[in-house]
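First to last, the sequence lines map onto chains A and B. Our numbering puts the first residue of the first sequence at 258, with every later residue one more than the last. Our numbering puts the first residue of the second sequence at 14, with every later residue one more than the last.
Read the hints as simulated data drawn from the structure, not as lab findings. In this text, a Cβ means the ideal position worked out from N, Cα and C, and glycines have one as well. It cannot be assumed that every hint is accurate.
List time: in silico BS3-like cross-link candidates among lysine-lysine, alpha-carbon distance up to 27 angstroms [unchecked claim]:
no.: 1; chain 1: B; residue 1: 195; chain 2: B; residue 2: 284
no.: 2; chain 1: B; residue 1: 284; chain 2: A; residue 2: 478
no.: 3; chain 1: A; residue 1: 461; chain 2: A; residue 2: 308
no.: 4; chain 1: A; residue 1: 326; chain 2: A; residue 2: 478
no.: 5; chain 1: B; residue 1: 284; chain 2: A; residue 2: 496
no.: 6; chain 1: B; residue 1: 284; chain 2: B; residue 2: 343
no.: 7; chain 1: A; residue 1: 326; chain 2: A; residue 2: 308
no.: 8; chain 1: A; residue 1: 478; chain 2: B; residue 2: 110
no.: 9; chain 1: A; residue 1: 366; chain 2: A; residue 2: 461
Cβ-Cβ distance ranges computed for the label pairs, FRET-style [claimed, not checked]:
no.: 10; chain 1: A; residue 1: 501; chain 2: B; residue 2: 246; range: 35 to 43 angstroms
no.: 11; chain 1: A; residue 1: 464; chain 2: B; residue 2: 108; range: 35 to 43 angstroms
no.: 12; chain 1: A; residue 1: 327; chain 2: B; residue 2: 236; range: 35 to 43 angstroms
no.: 13; chain 1: A; residue 1: 513; chain 2: B; residue 2: 194; range: 42 to 50 angstroms
no.: 14; chain 1: A; residue 1: 469; chain 2: B; residue 2: 227; range: 31 to 39 angstroms
no.: 15; chain 1: A; residue 1: 464; chain 2: B; residue 2: 217; range: 39 to 47 angstroms
no.: 16; chain 1: B; residue 1: 103; chain 2: A; residue 2: 472; range: 35 to 43 angstroms
If you want the ones that stay clear, here's a sample from chain B, every Cβ over 10 angstroms from chain A, calculated [stated by the list, open to error]:
no.: 17; residue: 24
no.: 18; residue: 38
no.: 19; residue: 89
no.: 20; residue: 203
no.: 21; residue: 218
no.: 22; residue: 323
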Amino acid sequence: MTPRIVVSLKVVPKPEEVSLNPETRTLDRAGAENVLNPPDKNALEVALGLKDTHGGTVTLVSMGPPLFKDYLELCLGMGADQAILLSDRLFAGADTYPTSLTLARAIQKLGGYDLVICGEESADASTGQVPPGLAEWLGVPQITFVDEVRVQGDTVIARRALGSSYEVLEAEMPAVVSVVVGSNEPRFPDFDRVEAAAKSGWVKVWTAAELGLRDDEVGLKGSYTIVHDLVEGEPVERKRHFLQGSLEEKIRALAEALEPFLRP
Amino acid sequence: MKPEWPEDAHRGLWVYLEQQGTLLPVGHELLGKGRELADELGESLTAIILGHGIGDLGREAIRYGADEVLVVDHPLLEGYTTDGHAKVMAQLIEERKPNILLFGATYDGRDLAGRLAVRLSTGLTANATRLEVDREKGLLLSAVPGFGGSILAIIKSEHGRPQMSTVRPGIFAPLEPDDTRKGQIETVAVDLRPEEIRCRVVERSVLPREEIGSAERTLVAGMGTGGDLALLEELASLLEASIGVTRPLVDNGVAGRERQVGSTGVSLRSKLAIVLGASGASHFVSGLRDVGTVVAINTDENAPIFDEADVCVIGDLFELLPPLIERLEKAKMGMA
Ligand SMILES: Cc1cc2nc3c(=O)[nH]c(=O)nc-3n(C[C@H](O)[C@H](O)[C@H](O)COP(=O)(O)OP(=O)(O)OC[C@H]3O[C@@H](n4cnc5c(N)ncnc54)[C@H](O)[C@@H]3O)c2cc1C
Ligand SMILES: Cc1cc2nc3c(=O)[nH]c(=O)nc-3n(C[C@H](O)[C@H](O)[C@H](O)COP(=O)(O)OP(=O)(O)OC[C@H]3O[C@@H](n4cnc5c(N)ncnc54)[C@H](O)[C@@H]3O)c2cc1C
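This is chain B alone, in the form it adopts within the complex (with noise of 0.2 angstroms):
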């Protein structure tokens, strides 16, 4: 039975922010995005930090645009779990009623979003890439793209607050961050006992990460390299690039998860993409969207990825690496 909720209870714009001792730079776009939304819907915009130790985070999420910040600060907040964060949500959500919640699209905000929805009889949507708000009716619109970004879905909630969204790492831009903008924080104190939390950490791991997101250059491995990534490394080196993989080469153990390109991996935002053998999956293409220059190079012409590409090579890049190797290294050289 769906709960009637009467939805005009329901005031203000909350961010649900991520921080591992820093906040996750979602958070910081969160919260850009969130103040524009709110400002439209004259309705004031709230930050929530959940963990352990949590100290100057909810002056930083001030400095980016919030009105005001809840901070929990609690032992067993320490590290993300599904069950501590979700008892935590709940209890303030039905206490103090938001109309909208947007969580960063990560591992975590959707394993924590997707669990909060059921528990609080409300629609949620998944890795928006657009926001809108209706002022009027006080709905928010999400776009939310399906068959690897090739279509999108723009979804509203009619019934069933706070309305809630999960939104695209990499969309929108933090504002610059102000040390004059006034905000409140409160402390709320929980009860949670440790038995409520049913999934142990038995081992965790945070292995330094290089954020290929971010790189100003990128050359990207398909399946056509074969795993070699010998070559790549050298034009890589010159190029100053980071070198990012399509997910068969994740799978296949040639390189780490962070550097998986696509709608499951990360999103470049490079000036310059070089891709090889790749052959252009639409999962694989949205991470592409965002790059100013796309190179593909390929041995088949009809290969899916050339509608990607500004620059469209047809042939077999162990044949065309070694002699621009050589051309680019001269040329670098001449530069010196």
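Isolated chain A, as found in the complex (with noise of 0.2 angstroms):
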């Protein structure tokens, strides 16, 4: 068979790049640079990999605001055939509860889908919680964390990277599986397909509307979670101590920090 792949992904700010506005509480992004989610990155590259093997098509969903759309032209030009944006103020706010299901409601819509694939978890919160919602809402079996994803007819086979160990599960697809960070090099893009499809507009776009969503579904209105605050992550406070002088001082000063932690 050859597989109909969704690659769900989204675009972050550089976590380093944001800060916090200790007065208005709320979160500078401004400065900061945006990327494609970097497991995400790993996650198109499997599922490009798969359709180098099997052939089928990869389509892209992103929900996101409209800035979303080069990035997912960068990720058409790397060889996936089609992407949609899911942007609409409706979406803001949204915690992982709505932002699973307006992902769910575009992949039902696209016709058909065997397997979808997402990144392990996002550089910005981080809750992984999106690819087990996903496949909740979906109704299809899920395989998170994953660092090798193979298909065998209708079989998705799949390594799950689970610390000092491992497991090999299989389910037979429609599936969502999760890949982890790191777990593969992603090609190039082809900047004449970027262009391409940046120039003759292949992103399409869907609102909650064409997706069947009402404003209470998505966002803020349909999130249970509610951001009751937001501090800076308490930063531990270190001596930063720079040991001086030519390079046998910094050693000697070095071996007297560390002797303490020397056993006889």
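With the hints in hand, could you dock these two chains into one complex?
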């Protein structure tokens, strides 16, 4: 069978570049550079690898503001076939419950799919809750935190990377898998294809109404969790004592600092 | 459509305890924190244990703080599966209506909680590093680290029950086990059929796990080592230290996943960590929060790791280590 693969991906600000405005208690992302969520690139590479082997199609879905479009075009340049951006003011403020619902409705609207591939977690909120939530809305099995995915007939076989151990699971498709960051080397985009995608408007945009979702099912209104407050992650105060002098002097000072930790 | 839950019909704090013959350490931590929160709320603490051939684990949960234990023992629950464990948990929750439910933020805990939140139509917070309750309203407030831990979102769920959270391992302290504590163990029968479990386990490996998280001294290698750990190993044996690595070294196959330090790896609790050739990305440094003394060695004076270190050494690790090892060897001999 030639699998119809969906890759679900999001764009995140670089974590090091986001700060908290202590007065308004809101996130300051203005200066932050955005990137494709790193594990989602690995998810896309898994999908494209399966397509290289088995044929089939790779469709991208992403829920987010219009600025995501450029990133979807990059992914089209890497070899995905089509891209759908779920963009609507009503989607703003979604926790993982309506996020996974919105993505599930979009995937169901595609008219048939075999495998949904997500990243393990986002680099911003890092909940990892969207892939299992999505699988539940779709009513299909899930295999999370995987570093290898194979397809055989209508079965998906994936290896969960569980710290020091692993387990290999198989399930009939359709199914949802989530891929761990760094599990492969994502390919480079073909920039002619990126340009073609941008010029000819390959990225389609769907709204809540087009997904048949009401305003109280999506975004902030459709969420259960409420952000009560935002605070700085208690910074650990470190001494930041720089050893000075020549290489030799530094080594002597370092050895002295470490000697208390030596046991005869 | 969001179902309206009669929130006050839900009572009690539950903790889901993972076991592999023994309770995972995070289970003891959940019982310790759960005990404190349940007392504050004036509610009972119930431990949930699913598996097959569970033996004395119920008793263990009571020694560590539970008032009550629900044990579900079924051949199909031997080894975690999403479908098996989600079905049983959903059934217990719908019948007994807990107010709060905590899981360990482990691979399986997150896999299960994420699925259940949608099935039960309720809120779920992730990787909590702090938990508090609002006694008046019976609300759980959890601190969720965002952006690799630089920001904490304090999150609550006013609607949707139970209020669920996964809790980061290694944060909360367990109670001293108390053999005289009393509690009730109830065995619950469930109906579970093989065809309900859609994922088949083809292979499962559990390698002997070196717990680098609890080592007293750790050396952490970053990409600046170029994947060559020979000098680090020498220094490690001198200091009787464990070796951890940054994520890219795991991805490159230099070390196993169990050695990865950071938000998607292990949090170190050592007295001393020496970080060599790591830049100090936020996902990495969140694994150093609980370290006593951090020493950083890096060629780049502007590397962010220096903001997270007590002793900062600007220099090339390949030049620093050989003479350092020599000095420490001598010092050690002098002690003997
Ligand atoms: C600091 C902070 C803390 C938060 N804490 C919580 C919390 O505890 N509970 C909660 O319910 N919400 C929380 N949120 C809200 C949450 O970020 C959003 O719901 C978000 O839309 C999805 O969650 P995630 O980023 O954690 O995704 P994850 O579940 O971590 O993402 C895993 C994978 O799902 C897919 N995916 C995720 N989002 C999208 C998308 N928009 N489009 C396409 N694919 C996607 C990607 O493949 C991704 O790799 C928090 C937000 C912030 C900023
Ligand atoms: C969702 C997500 C989760 C992640 N989780 C983790 C995690 O749990 N753990 C983790 O580590 N990373 C994690 N990462 C990756 C993280 O963002 C960084 O990419 C990673 O930590 C960088 O590793 P590094 O510091 O070894 O490499 P680099 O950033 O490449 O740094 C190498 C450093 O070595 C220095 N150097 C070079 N040569 C020498 C020399 N001869 N002597 C001394 N210094 C030298 C350089 O100046 C540089 O600072 C995660 C990323 C994402 C997106």
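Next item on the list: Starting from the hint list further up, note which numbers the structure goes against and sort them upward.
Entry: Hint check: 1, 2, 10, 12, 14, 16, 21, 22 fail, others pass.
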